[in-house]
Structure formats: C-alpha cells, structure tokens
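Student: Single-letter residue listing:
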Amino acid sequence: MLTVQFLLLGAVLFCIGVYGVLARKNAVMVLMSIELILNSVNLNLLAFSSRLGSIDGNTFALYVIAVAAAEVGVGLAMVLLIYRNRRTIALDELSDMKG
Amino acid sequence: MVAADLLVAQNIGFGIIALLMIVAALRVVTVKNVVHAALWLVIVLSGAAAQYLLLSAEFVAITQVLVYVGAVMVLFLFGTMLTRAKIGAEADLNNKNWGIAVPVSLLMFGVITWVLIDGFGDERLPNPDEQTQVPIQVLSDDIFGPYLLPFWALSFVLLVAVIGAIVLARKD
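One line per chain: the protein sequences are A and B, in this order. So for the first sequence, the numbering used here puts the first residue at 39; every next one is plus one. So for the second sequence, the numbering used here puts the first residue at 198; every next one is plus one.
Straight-line C-alpha distance at most 27 Å; calculated DSS-like pairs for lysine-lysine:
#1 B:K229 <-> B:K293
#2 A:K63 <-> B:K368
#3 A:K63 <-> B:K293
#4 A:K63 <-> A:K136
#5 A:K63 <-> B:K229
#6 A:K136 <-> B:K293
Covered stretches of chain B, going by a simulated chain A footprint (3 or more residues, C-beta under 8 Å):
#7 230-236
#8 244-251
#9 300-314
Since the hints were derived computationally from the structure, they do not count as laboratory data. Using N, Cα and C, we set each Cβ at its ideal position, and we do this for glycine too.
Starting from the given sequences, assemble the full structure and let the hints guide the process.
Tutor: Set out below in structure tokens:
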C-alpha cells in the first residue's frame, strides 16, 4: 500500500470538514464537521506511524480521540446553553460581539 | 515487484472503504436533516476504524469504535434532540454565503494533493508482515513511559470537560 493513499483520504476528509465548518449554519452540524477534520488528522498520524515503524503516532491518535471527546462534550453543553437562552442555534444570528 | 508485494486484497478493501467514507462525508455536509447527518457520520467513523485496522493500529481502531461510534454519536443525537423538537428536513441549514466555502475547500484540496503527491509520490508503506507488529504492550509502555505527562494533562482535561459540561448544562 502506498503512503500517499491514506494521506490523500485524510486530505479529502479534511477539506470536506472545512467545507462543512464554513457552510453550515446549525451549530451541531459544525461540530460534526469538526469531527471529520479530527478523524482526518488521526488517519494521517496513523499512516505516518506505520510508515516510520514507530508507535508514537498511535499514542498521539489516542490523545486526539480523548481531546475530541472532551471537546464534543463541552461544545454540546455550550450549544444547549445557547439554545436555552436564544431558542436558536443558528450561528449567523449570534452576532452580538460583531464589531 | 512481485505480485505478493502489491497487497491486492488490502488495496481493494482500502478503495471500497475510502469510497464509502468520502460519499458518507459528503452526505454529512450536504444532507438537509440533522439526524441523517449524524447517521452518515457513523459510517465515516466506522470506515475510519477499518482504515486504522488496515494500518495495523488495532487498539486505536477499537478505541475509535468505543469512543466515537459509541459515545460521541450518542452525544450528538442527544444534542440534536435537545436543541430542536423538529424531526425531518430543514431548508435553511446552510449559511447565506455558503457558496464561498466550495472554492475555498477545493483550492485547499488541490494544494494539499499537489504537495502530498509531490512529496510522497509512490513511496510504499512497509508490508504488515515485514514491519514489526506493535503489540498493545508497546503502546501502553509508550503512553505510561515517555508520554506520561501528557497523559496526566489529558486526564485533567477530561475532568475539566466533565465538570464544565455539567456546569454549563445545569438548569438554574
């Protein structure tokens, strides 16, 4: 197997995730797109771990998974709070701090 | 190059799973129903776990299934359920100027693809049978050896996230 095929799959997932973050209005959908980005990062880490014959990439991927789980928990709690205060989670309506 | 070096079965498996993942990821960012997007995301995450198995990272694959497909997706479905009663298609899930995101991500994909193909070309991964199989023991020695301090920091991150999520979501 080529190294580049895993890296290219990661690149595709990353760009789809970036599109989702930029294009989506719903906060939950933006969090889902962030998950796509984090998974592409993990794919890259594991591909390089396999390429270099080193275990460090696996360790980093595990840490990324744990941080992503924490991020989703806090992110969804914040979304819930915003929904309770505003009755909406459309990100373009949350423009109070816009200069 | 001998035929056995080509790993035909692994490559076919990679192609099928990769295609499935890309289609599902595109559905995640284009579908008009939040619950359907979460279910498409399950396919992407499971496909990622399968790719980790192809890269002979069994423990990460299992963790991916447990944490992402098990826990994170339940959180997403709960979040969807708690923030909107509406089940079904919605017309306005996209920003007003979502069209700009298409050329941005396409340009980014083009640049990344160019750099990757230029940098790695036809470099091959070591075959699973000839590379040193990494047992989980080595992984745990790595986590609890040189990466012990990040591990401690990570447990504090998780603790803070748990407390923070409770504090934020509490009703008073």
